[in-house]
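*Asks:* Sequence:
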Amino acid sequence: MNAGGNANEDTTEYRTDRIVDIGLYLSRRTEIEDQQTHLQLKNDLVEHIWNKFGPYALRISCGSRKDIRSPPTNTLWYKDFAYTGGIPANATRPSYITPPLSTLRYFPLSEGPENCYNINRVPSGHYLVRIFYGLVDDPNFDNEPLFDISVEGTLVDSLGAGWSNEDDEHVFTETIVFLTDGTVSLCFHSTGHGNPAILSIEIQQVNDNAYNFGPLFGKGTILKTVKRFSSGQGRPKFGEDYGGDPWGGDRFFNSLTTFGESSDKPISVESPIKKSSIAPNFYPQGLYQSALVSTDVEPALTYSMDVEPNSNYSIWLHFAEIDPSITKAGQRVFDILINGDIVFKAVDVVSMSGDVKTALVLNTTVAIDGRTLTINLKPINGSHAIISAIEIFLVLTAEAKTSSGEGTYLTVSFGFSSQDFDLALITISALQSLKKALQLPHRLGWNGDPCVPRQHPWNGADCRFDGANKRWYIDGLGLDNQGLHGFLPRDVSKLSHLQSINLSGNSIRGTIPPSLGTITTLEILDLSYNFLNGSIPETLGQLHSLQILNLNGNKLYGRVPAALSGRLLHRASFNFTDNAGLCGIPGLRTCGPHLSLGAKVGIAIAVFLALLLIVGCSIIWWKRRQNILRAQRLAGDLQCISQFNKKQLRGPFYAREAPYAKKRTQFSRDVQMTIHNQNSRTASEDGPILLS
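So in full-length UniProt numbering, spot 17 of the sequence shown is number 17, and the numbers just go up one at a time.
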């Protein structure tokens, strides 16, 4: 199967290494005796083929530190490195239908109320997305966390009490959704009852026309699997267990052996079923090789279940005439009623499918007002009804995402040109940039989409829905007194629909970005009581809608822009107090001679160069002085050595000429002293002399 997401490079390296072994398998498959190696290489070969020609499929073992394979089908699960935050832990499987994986990833509330898996490099298409939950294998944890789940910004499930005690669809959430922007976001929202814990994630491509339920089908809807079961089967099965087509998405079919005591009986065959695994849904043949048939005690087949009121449900009914007593059309005919209303009249499976042992699928979408859904198959010709399987989906309207460039997502709708697509891809996520720059605490979260699901918007971000463009926009930031640090990034201007910014009472440093002046919709800007410095940008004077501007309690300096000071006459409320360096408006000190920014820079450069010149001259003078003193000491030392040598040469050998020598010595000493004095004076004036 294809793999994708942030772990793509790791898996590519693995597969590249295996290609050589696959070639070896093809050339020497008759010589390989090790059955484990034989099976491994065979699976790798199949996987390699599907990489090239099959549907995209990605399975993630949450919390795993390495890629693993699970029995009995040797399914490959990728580690979840770099997809999300959270904490890995050992897992307890709540159900026997849960994948045989030993780890999970949980998300403590300290990391924020929303946590997401963001998976990239997913080709545009139609996908089955399945999430299995787990229990942390630690007695210090609550055994059953309760939390909400959203797919692509749409709330799809809320885990209720008792979900971990059920061996059915309660241990996982499954949706069928269109992915259009190369990513998929799966978010888990804390409800205050334990830490969300995720065991596995599966993203499997299906046919673009799979489960087409009518006019509402398309990219604006999501199907959530409510119930899917095979009638008469002895145990639940996945598509792989059935040997189903990979384009079927490896769906899970629970088993239902009876609708009620004495009301029906199971039958099964091993004969092949025609028209089963065909596009677009690719149902496995085994689904139609068993069925429930009503009895004389209760000729009608009736199935009931609890549902959410005031909701739309897409119902898929599966049939194949496998009863050997029915050999031709007209022998078994029945009506199908949902909550008492006939939705299919005079259903003859043999006639409608074309033959016995031939698959037939009927679909209808109904609106349910109450809390119960009842499906009734009522015979009108012949005494009994038959059914092979039932699928029930809740039809959800997909939430509109936050506008491109404002939230985490880069959303591109179908119908845009490739240029629009490229432009959206290069747009920087302004809110994520703000989160990083301001060092938002983890408790605020800020993961996923800021506005949807509407039940779980971000703390500190106000959203407004634009009905004309079907998009959410951020129109307010309220992060006052949140202990923020860092700085205010210029990317905040990309939130072009902001009407209010309140970041007061924090510890934000740096300057006010001039780009704020481009948010023409801004009406309130409160940056008071921070540690902002620098001057007030002239661009703030361009905000003609600005009514409240609080910059008090900072370390700003310089002249208040004239455009702002003039606005005080037009009922605007501006506060610049408690900034010792500000000047130029009533209530602040009078400004001195005003120098332009260029002049200030020029003065600063001139002062720096002057200081540099003084330091350089001082260093040169000090080195020259040291050289003079060193030369003087050297000259004195040489003179002493010369006199000492002369005394040594005039020892006992010249003693007999003492009178004459005494006079000559005295004369020489006078001459040398005179020379020494002259040399010393010259050295002190002109520097060192050369001695011979």
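To be clear, the hints were calculated from the coordinates, so they are not data collected in a lab.
Do not take every clue at face value.
Said to hold, decoys possible - Keeping only pairs whose Cα atoms sit at most 30 Å apart, straight-line, the calculated DSBU-like set for lysine-lysine is:
id, residue 1, residue 2
1, K378, K436
2, K219, K470
3, K274, K345
4, K328, K378
5, K328, K274
6, K345, K378
*Asks:* Taking only the CA atoms, is the gap from K345 to K378 under or equal to 30 Å?
*Replies:* 10 Å, holds
*Asks:* Take a quick look at whether K328 and K274 sit within 30 Å of each other, Cα to Cα.
*Replies:* Roughly 16 Å separates the two Cα atoms, so the pair holds.
*Asks:* Regarding the pair K328 and K378, is the alpha-carbon distance no greater than 30 Å?
*Replies:* Holds, at roughly 19 Å.
*Asks:* Sort out whether K345 lies within 30 Å of K274, counting only the CA atoms.
*Replies:* 24 Å, holds
*Asks:* Are the Cα positions of K219 and K470 separated by 30 Å at most?
*Replies:* Judged against 30 Å, a Cα distance of about 13 Å means the pair holds.
*Asks:* Would you check the hint for K378 and K436, treating anything up to 30 Å between C-alpha atoms as holding?
*Replies:* 62 Å, violated
Of the numbered hints stated above, the single one contradicted by the structure is hint 1.
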